[in-house]
Amino acid sequence: MRCAEMGSLVSSVLAKRIRREVCWRWSMVFWLAIGIADQPSLVFARESSGMHRVLIVYENESTQVAAVEIARGLHKDLADRDPTQFEIYSEYLDNARFPDPGNLPRIAAQLSAKYRDMKPDVAIAAGPTALRFMLDHRREIAPGVPLLFGAVAADTVTQLALPPDVKGIVTRFDLKQTMTLARRLQPNARHAVVISGSSAFDKRWEATARADLGDRYDGFDIRYLSGLRLDGFADAVARLSPDTAVLILTIFQDPDGRNFVPRNATAEIARVSAAPVYAVYDTYLDHGVLGGYMSTFQEQGEQLAALVTRQIAGEANLPQITPLVIRPIVDWREIRRFLIDPGLLPPDAEIRFRAPSLWDEHRTAILVSIAMLLLQSGTIVALGIQAHLRKKAEAEVNAGHTKLVHLSRTSLLGELSGAFAHELNQPLTSILANAEVGKQLLESSDPSLTEVSDILSDIIADDERAAEIIRQLRRLLTTHEVALEPVDLNHITVATLALVKSELLIKQTAVAFKRANSSVRILGNAAQLQQVVLNIIVNAVDATSHLPPSARMIEVAVRTDGRTGEVTVTDNGCGLTPEFMEGAFQPFVSTKSNGLGLGLAICRSIAQAHGGALEFDPEYLAGARIILSLPLRRSAS
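The sequence shown begins at 326 in this note's numbering and counts up one residue at a time.
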């Protein structure tokens with residue numbers, strides 16, 4: 326009985342599960358049918374939106390300059406017309422890097438599958454290889470779609486039997502006119518060198534050049550250079566005589582199979598060339614090429630965009646061939662580099678990269694400034710003569726007074742100039758040291774940008790400290806008190822060590838720093854106290870300069886006994902005699918051959934102005950130890 330009940334229960338559960346499964350499957354079939362039924366409406370909405378699809382196939386890779394410039398012109402022109410009307414799809418054959426003819430059928434198969442359900446309205450082939458590719462595979466990729474082309478030379482178009490619905494922009498890469506331009510700019514030149522790479526495209530260019538120019542053209546004896554590595558080309562052009570013109574075609578590949586961007590390869594060669602370099606590609610300009618007869622790839626993109634809109638609009642009698650106008654374009658900087666007379670340039674030449682002269686930009690301001698300068702000079706001369714006559718008349722009366730004022734002023738300025746020069750010498754020295762270290766880092770093979778940034782920050786800090794020194798010296802000449810504020814000797818010492826970091830590296834001096842366990846707060850002027858600490862640290866570094874680098878060591882410590890704060894600087898140099906310690910803080914006493922002897926005197930005066938002291942430790946004999954002691958803030962207050 327129980328078995329029968331159990332069997333009935335199992336059958337009931339299975340029946341419910343089967344019903345749920347059947348319901349779920351039918352619901353999926355229903356929604357799938359709804360989706361399929363709705364798909365034509367989506368397609369219709371897409372087609373009725375007025376969006377036109379443009380497929381453009383480039384013969385090389387996406388970063389090639391020509392492709393980038395054509396795309397820029399095409400996109401810009403179409404966007405200017407109506408940014409919501411066109412949808413552009415770009416494909417790249419990368420033929421220069423992968424020239425195997427067997428690649429093209431595989432690419433065609435991929436594109437055929439890719440665009441099977443999305444037919445473009447117009448297809449564009451950019452470049453001769455791309456045009457041949459689309460002519461061979463248009464039925465697979467874009468059947469029945471009008472085909473436009475650009476960046477294709479006239480001789481290539483002549484060799485192809487173009488169907489009536491294939492139209493495009495014919496580019497002129499005119500080697501003859503470019504060599505005629507070279508003859509015009511270099512009337513005394515006798516030789517020309519034509520350079521090309523080792524790829525199939527490069528070799529086709531060389532064959533074109535040989536057919537157009539031969540071994541002699543327009544007074545040039547022409548030599549062809551190909552099949553060399555990039556450094557081989559560079560060595561060859563670096564040894565050329567000035568009576569030579571260099572014509573660079575394309576360098577997509579060298580004989581070792583290394584691939585290049587032609588513009589970059591041209592730049593490396595032109596940079597070291599001893600003779601002017603010409604080309605027929607505008608993308609080579611700004612990379613060492615002087616010029617040539619050329620058009621721009623961006624202009625080709627813009628004209629292709631115009632053809633696209635005319636084709637989509639169904640314009641009748643659209644010409645199959647639209648020639649692209651070329652013109653002489655030159656780089657002004659290269660004209661100046663090779664000392665070419667600008668008067669030799671063709672009247673219709675487009676001159677790039679010529680900055681207007683100061684006279685051209687500010688002629689009126691210059692004339693006004695000269696007039697004002699002459700007027701001021703005349704006024705100054707007149708005032709000088711008047712002052713001279715007045716002083717001469719008053720000389721006897723004011724002789725004694727003038728001498729007294731002169732002596733007083735000379736004394737004050739003499740003392741101040743010595744202090745000024747000495748105090749500024751250290752930040753300026755630190756700036757120089759930081760700059761030298763920064764230069765060494767930048768000249769290394771893998772410079773650390775973090776270290777360079779730190780060095781630049783140190784230079785800025787040294788400059789600000791020098792400015793603060795000047796401001797403080799000016800304040801010291803007045804009757805106003807120097808501003809005092811709560812400062813921490815730990816922070817001052819750390820900041821000072823940061824300032825001399827580069828100096829320590831250059832002098833190869835090790836530093837051991839021990840800071841106080843707690844803050845050592847005093848009431849003082851941070852800039853003046855930092856100058857004191859800096860001075861005694863630099864003195865310690867100089868004292869160890871005679872030792873081997875591995876033996877140079879200074880110790881810096883900050884401590885407090887609850888009433889005063891101390892900064893102690895200890896070095897292992899040659900030490901000081903008791904006689905020098907007694908007079909070390911007097912003006913013009915120094916152990917340095919180029920020292921003024923004012924540093925310690927000024928440092929002690931700063932310490933005393935803060936209610937503290939600066940003394941050598943006479944009991945320390947293993948070098949020198951100097952102690953800056955200052956009252957803590959509560960004692961000072």
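Don't take every hint at face value.
Stated by the list, open to error - Below, a list of computed lysine to aspartate or glutamate pairs in the EDC-like style, where the Cα atoms sit at most 20 Å apart:
1) 501 / 560
2) 826 / 907
3) 492 / 627
4) 439 / 402
5) 528 / 581
6) 401 / 546
7) 826 / 867
8) 501 / 465
9) 401 / 419
10) 832 / 886
11) 826 / 776
12) 501 / 686
13) 764 / 776
14) 444 / 480
15) 444 / 419
16) 439 / 386
17) 832 / 904
18) 528 / 543
19) 839 / 942
20) 501 / 461
21) 439 / 480
22) 528 / 465
23) 717 / 685
24) 444 / 412
25) 528 / 499
26) 492 / 386
27) 826 / 904
28) 839 / 788
29) 492 / 540
30) 528 / 490
31) 444 / 490
32) 501 / 627
33) 492 / 480
34) 528 / 402
35) 401 / 446
36) 826 / 886
37) 439 / 461
Since the hints were made in silico from the structure, they are not lab data. Please read these numbers as outputs of a predicted model, since none were measured by experiment.
Hint-by-hint comparison with the structure:
1. 501 / 560: Measuring from Cα to Cα gives roughly 26 Å; hence the hint is violated.
2. 826 / 907: violated (31 Å)
3. 492 / 627: Given that 20 Å is the threshold and the Cα spacing comes to 15 Å, the pair holds.
4. 439 / 402: With Cα atoms ~27 Å apart, residue 439 and residue 402 exceed 20 Å; violated.
5. 528 / 581: holds (15 Å)
6. 401 / 546: violated (44 Å)
7. 826 / 867: Measuring from Cα to Cα gives roughly 14 Å; hence the hint holds.
8. 501 / 465: violated (39 Å)
9. 401 / 419: Roughly 24 Å between the alpha carbons, so the hint for residue 401 and residue 419 is violated.
10. 832 / 886: Roughly 34 Å between the alpha carbons, so the hint for residue 832 and residue 886 is violated.
11. 826 / 776: Between residue 826 and residue 776 the Cα gap is close to 11 Å, so the pair holds against 20 Å.
12. 501 / 686: violated (38 Å)
13. 764 / 776: holds (11 Å)
14. 444 / 480: violated (31 Å)
15. 444 / 419: violated (23 Å)
16. 439 / 386: With a Cα-Cα distance of about 19 Å, the restraint between residue 439 and residue 386 holds, given a limit of 20 Å.
17. 832 / 904: violated (28 Å)
18. 528 / 543: Violated, because 23 Å separates the two Cα atoms, which is more than 20 Å.
19. 839 / 942: holds (18 Å)
20. 501 / 461: violated (32 Å)
21. 439 / 480: violated (33 Å)
22. 528 / 465: violated (30 Å)
23. 717 / 685: This hinted pair is violated, its Cα atoms lying about 48 Å apart.
24. 444 / 412: Cα-Cα ~12 Å, so holds.
25. 528 / 499: At roughly 17 Å apart (the allowed maximum being 20 Å), residue 499 and residue 528 satisfy the hint.
26. 492 / 386: Judged against 20 Å, a Cα distance of about 23 Å means the pair is violated.
27. 826 / 904: violated (32 Å)
28. 839 / 788: Judged against 20 Å, a Cα distance of about 27 Å means the pair is violated.
29. 492 / 540: violated (35 Å)
30. 528 / 490: Cα-Cα ~31 Å, so violated.
31. 444 / 490: holds (17 Å)
32. 501 / 627: This hinted pair is violated, its Cα atoms lying about 26 Å apart.
33. 492 / 480: holds (15 Å)
34. 528 / 402: Distance of about 34 Å is beyond 20 Å: violated.
35. 401 / 446: holds (19 Å)
36. 826 / 886: violated (29 Å)
37. 439 / 461: holds (17 Å)
The structure fails to meet hints 1, 2, 4, 6, 8, 9, 10, 12, 14, 15, 17, 18, 20, 21, 22, 23, 26, 27, 28, 29, 30, 32, 34 and 36 from the earlier list, while all remaining hints are met.
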